[in-house]
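S.K.: Its first residue numbered 1, the sequence shown is counted upward by one per residue in the UniProt record's numbering.
Mixed in with the good hints there might be a few duds.
[What the hints assert, rightly or not] Within a straight-line C-alpha distance of at most 30 Å, the following computed DSBU-like cross-link-like pairs (lysine-lysine) qualify:
no.	residue 1	residue 2
1	K70	K49
2	K55	K89
3	K70	K40
4	K40	K89
5	K89	K70
6	K55	K40
7	K89	K49
8	K55	K70
No wet-lab data here; the hints were simulated from the structure.
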Amino acid sequence: MNGTCVERVIPGNSCMIEEQCLDESNCINSVCLCPFGTRKLNGHCVPVKASLHCKATQLEIDDECLDYSKPGGSCVVNQQCLSMSTCPKGLFL
1 MNGTCVERVI
11 PGNSCMIEEQ
21 CLDESNCINS
31 VCLCPFGTRK
41 LNGHCVPVKA
51 SLHCKATQLE
61 IDDECLDYSK
71 PGGSCVVNQQ
81 CLSMSTCPKG
91 LFL
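Please work from the sequences and hints to get the whole structure.
M.R.: Spelled out as structure tokens, the structure:
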């Protein structure tokens, strides 16, 4: 900000400018908020999808509930991956 480094922050934390907000969140009223169509989960913005049987910490893929996971965690599909990570062959990078 004005030639000064500012800390990047996760959704739900205080911010001064938009560029501080991680995970596609926006600085609104001095707080990083997840964009429309997403919600905050463990400091990340994840898609909101209506599901009849999955928990809030899970994603429904082909009628199966899969847990969201951080980098280094196990996965089956890219959509499970938080922090803009990917899922090659069942393990985040």
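S.K.: Each hint: holds or not?
M.R.: Hint check results:
1. K70 x K49: holds (19 Å)
2. K55 x K89: Between K55 and K89 the Cα gap is close to 24 Å, so the pair holds against 30 Å.
3. K70 x K40: This hinted pair holds, its Cα atoms lying about 14 Å apart.
4. K40 x K89: holds (27 Å)
5. K89 x K70: holds (15 Å)
6. K55 x K40: Holds, at about 14 Å.
7. K89 x K49: Holds, at roughly 25 Å.
8. K55 x K70: Satisfied, since the Cα-Cα distance of roughly 17 Å is no more than 30 Å.
Violated hints are absent here; each numbered hint is respected by the structure.
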